[in-house]
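Trainee: Sequence:
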Amino acid sequence: MAAVKFEWQNGRWGRIRGNWATLLLPINDDDSIDYARLTDEIDHLIAAGVDGIYSNGTAGEFHNQTEAEFDAIQQLLADRCKPAAMPFVIGACQPDPRISLERVRRAARLEPEAIQVILPDWWPVTTDEASDFLGMAAEAAGSAPLVLYHPPHAKRVFAPAELAEMLAPVPEIVGVKLGDGDSSWYEQARQWLDAWGIYVPGHHLATGVKQGVAVGAFSNVACLSPSGAQRWTASMASDIEQALKVEARLRTFLEVHITPLAKVHGYSNAALDKLLAAIGGWADIGTRLRRPYRWLDPQIVSGLREKAKAALPEIML
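Each residue of the sequence shown is one higher than the one before, starting from 2 at the first, in this note's numbering.
No lab work stands behind these hints: they were computed from the structure. It is possible that some hints are incorrect.
The calculated lysine to aspartate or glutamate pairs, modelled on DMTMM-like cross-linking and capped at a C-alpha distance of 25 Å, are [unchecked claim]:
1. 83 x 195
2. 310 x 285
3. 6 x 256
4. 156 x 97
5. 156 x 133
6. 211 x 188
7. 310 x 240
8. 156 x 129
9. 6 x 163
10. 211 x 240
11. 246 x 44
12. 6 x 298
13. 156 x 103
14. 83 x 112
15. 211 x 315
16. 246 x 315
17. 83 x 103
18. 246 x 298
19. 6 x 195
20. 156 x 183
21. 264 x 188
22. 264 x 298
23. 83 x 129
Estimated spans, in silico, between C-beta atoms of each pair [to be verified]:
24. 41 x 191: 38 to 48 Å
25. 123 x 293: 10 to 20 Å
26. 103 x 188: 21 to 31 Å
27. 29 x 166: 36 to 46 Å
28. 30 x 301: 11 to 21 Å
29. 310 x 13: 33 to 43 Å
30. 103 x 292: 19 to 29 Å
31. 238 x 68: 37 to 47 Å
What you are looking at is a predicted structure, and each value in this text was computed from that prediction instead of being measured. Just so you know, even glycine gets a beta-carbon here, dropped at the ideal spot from N, CA and C.
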């Protein structure tokens, strides 16, 4: 199947396509945010030439920040990206809808490419409730478009047809970041979600492109190597079959060395993403999370780095 949706340059999602790198929070030993290291990290991402940078996803620990810290992070991101003409998306994610809407309002003032939100998450929302919340978020965002972050661990995961029903009344939603599925899921996504930019997990991006569904990824592969993820993403337009071979090795590396840390030992996705960044070694971020969440021992990084270099030479250059 041709990667038409990925190659199309005129969708409502505009520049929000391709390889988007997540902002990870460098955390000091006293649990404070190290803004100097965060500035350096943003500069590294800009230098890597990624398609865009997004803040306050899971790896940005949006669930464990004060509102003053939220504002400081977004201001820093905007201040570094705008002079460099680097597209950025602000995550106004928060399980509490009222706090989320206030974050959306403040984020809109910084004029990002889009604002990312999650659905209210203390109690599972119905389709109507979800649509109502997204309408409220659109009103709060003003002229800024919205991207819905709908992770597999949400309290209720909506199928493609349900998502289409939820999103249709809110034209300000231009894309959805979600977990993909098998061939049946992709068939449903092509049927119901063609009107939106779809962002699949980074290590599934070549599959999503081949299936004609994905326009990009807010990418865990960019955690490992922003420049490597950018090269791999660019290759999908010219040689999707080779990109799929790289994806197969990438999936194997993650399944063997990274995923068991979550499934067996209970580490969070944020801990895994910070571990990937440490393995990549492209910036001084560290593996530490904010308490009470546990992080990986940095001593395991060097061994995993060698395994990543052997398995993924195209990404780990």
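Trainee: Which hints, by number, does the structure contradict?
Mentor: Checked against the structure, the hints that fail are numbers 1, 3, 11, 12, 18, 21, 23, 26, while the rest are satisfied.
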